[in-house]
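Peer 1: So the chains spell out like this:
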Amino acid sequence: MTTAKNEHIVSSYEEELTLLAQMISEMGGMVEAAVTDATQALLKLDHPLAQATIARDKMIDEMQRRIDEKAVSMIARRQPMAADLRMIITSIHVANDLERVGDMAKQVSRRSLQIEGLSLAPKFYNGVKHMTTLILHQLQAALDAYAERNSAAAVAVCNSDDEIDALHTSLFRELLTYMMEDPRNITQCTHLLFCAKSLERVGDHATNIAEAAYYLDTGKHLSSAVEDLHRTQVKV
Amino acid sequence: MDMMAGKFAANVTPLEEGMSLSDHPIRLEARDVCVHYGAKQALYDVSIDIPDRAVTAFIGPSGCGKSTFLRCINRMNDTIEGARVTGRIALDGEDVYDRSLDVVELRARVGMVFQKPNPFPKSIFENVAYGPKIHGMVRNKAEAEEVVVSSLKRAGLFEEVKDRLHEPGTGLSGGQQQRLCIARAIATRPEVLLMDEPCSALDPIATAIIEELIDELRENFTIVIVTHSMQQAARVSQKTAFFHLGKLIEEGDTANIFTNPAKKQTQDYIMGRIG
Ligand SMILES: Nc1ncnc2c1ncn2[C@@H]1O[C@H](COP(=O)(O)OP(=O)(O)OP(=O)(O)O)[C@@H](O)[C@H]1O
Ligand SMILES: [Mg+2]
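For the record, the sequence lines run as chains A and B. Positions 0 to 235 (numbering that gives the first Met the number 0) are the ones given, in order, by the first sequence. Positions 0 to 274 (numbering that gives the first Met the number 0) are the ones given, in order, by the second sequence.
It should be emphasised that the hints constitute simulated quantities derived from the structure, not laboratory data. Where a beta carbon is used, it is the ideal one built from N, C-alpha and C, also for glycine. Treat the hints with care, since some could be wrong.
Stated by the list, open to error - Pairwise CB distance ranges, derived in the manner of DEER restraints:
hint, chain 1, residue 1, chain 2, residue 2, range
1, A, E68, B, V103, 40 to 50 Å
2, B, F113, A, S10, 29 to 39 Å
3, A, A54, B, L244, 52 to 62 Å
4, B, S61, A, H220, 28 to 38 Å
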């Protein structure tokens with residue numbers, strides 16, 4: 000882990016760096032809540048919750064804009080170097096990924112609003128529920144790795160992305176089976192399929208955030224290391 | 000192409016973007032260089048390779064020995080009372096401290112530009128023609144004129160001064176004077192150009208012009224620059240060396256040093272942190 004914990008000579012710069020880190024955690028919290036609420040709204044067909052989640056996406060977008068502005072202004076005024084530079088640059092990347100996760104939550108919420116006069120059977124949605132738990136855990140772990148500048152934790156997040164992909168594939172097959180069993184299942188299973196797809200994309204963004212955490216901590220890019228790991232893993 | 004092109008069009012190409020410095024031939028090689036001023040040691044066992052036709056920047060806090068090391072390269076420390084240099088510095092494999100080496104000739108091969116522009120109290124023309132004349136590189140007026148014009152062009156100053164070549168160099172602006180000093184330094188066709196904080200007395204525009212010039216000059220010269228501006232080092236150099244308390248702490252590709260330095264001391268310094 001990065002050990003540069005010395006105070007910056009210019010204390011207002013130090014404060015700005017801290018503020019930027021706080022903005023990222025805050026945005027992370029907002030996005031985690033949005034994903035939780037969006038899936039909840041879908042599984043329970045809770046329309047008011049779906050609407051509230053959609054409305055909150057504007058705040059997430061606004062947060063991204065604020066982080067961008069802060070980062071750009073710090074680059075212009077402070078000429079950041081080394082770990083400071085990496086922190087500021089990755090904050091732009093992480094905020095961008097979080098914003099996209101927010102969009103996924105919005106999409107899932109919209110989908111739940113389209114479903115009328117139908118209730119989803121737990122038999123069908125348990126897989127999606129499980130996947131949501133896993134994804135949220137993944138997102139939290141990525142954000143923690145970023146906040147703590149912990150490259151080992153970041154690698155762990157990237158490695159478990161395969162698990163999510165595998166889960167997504169098996170969920171797809173399972174829902175397909177239900178649809179083949181009885182065409183009346185097609186509507187709800189299709190909605191769940193799309194939802195699972197969105198969740199899987201959230202997992203990809205979590206991986207991006209973990210990669211940013213790795214870069215922040217080490218100054219090196221993880222991609223090649225991860226590719227090696229992927230190659231050694233057996234695909235489902 | 001001007002008259003200098005032939006001389007410098009050797010079989011080495013300038014450092015390309017993305018080309019690794021390690022692939023680049025070494026022009027200067029320093030090994031275990033120590034400098035004492037009287038009883039006080041100013042430099043401790045500095046070993047570094049300076050790549051050919053690239054810009055190498057020396058950075059570090061005030062008093063860490065950057066200028067001292069720079070002065071070792073063209074033996075300017077010889078002129079300082081009580082200064083003692085040990086170790087080895089080789090230019091193209093040839094020891095610059097070898098007894099048989101002519102120091103005057105060495106200084107023609109290793110030019111120097113100082114912090115404060117210091118044109119001679121002579122005309123612009125004479126400032127540039129002086130070096131080639133004393134080194135017997137020009138035989139007549141026409142040859143001198145050719146060197147003066149091509150050097151001023153190379154230093155990006157010719158257009159601004161072509162109508163007043165015989166007016167005093169001291170009448171130019173600070174930025175122009177510094178470019179005149181660069182023209183003077185390159186007039187003897189040196190292989191290496193040493194620059195000690197060449198922009199610290201200049202405004203941002205004049206600085207940008209000099210930086211642009213440095214970037215052009217590296218096609219033909221090996222440049223070593225001392226700078227207090229980390230941004231300048233990051234902008235103009237391909238290799239950066241960080242000095243601290245007389246020791247070379249870390250050296251490497253500039254991009255690497257400024258995004259991911261290996262040593263904590265370097266990190267603290269470039270990030271402006273208390274060490
Ligand atoms: N002529 C001299 N006589 C005695 N000591 C000297 C002389 N020149 C330099 N020193 C000492 O040697 C050390 C290195 O000085 P040097 O000028 O090389 O540092 P520097 O890194 O160039 O600093 P700056 O960034 O302030 O120009 C300092 O402690 C300085 O006081
Ligand atoms: Mg100095």
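Peer 1: If a hint holds in the structure, say so; if it doesn't, say that too.
Peer 2: Hint by hint, here is what the structure shows:
no., hint, result
1, E68/A - V103/B: 40 to 50 Å, "58 Å, violated"
2, F113/B - S10/A: 29 to 39 Å, "36 Å, holds"
3, A54/A - L244/B: 52 to 62 Å, "59 Å, holds"
4, S61/B - H220/A: 28 to 38 Å, "35 Å, holds"
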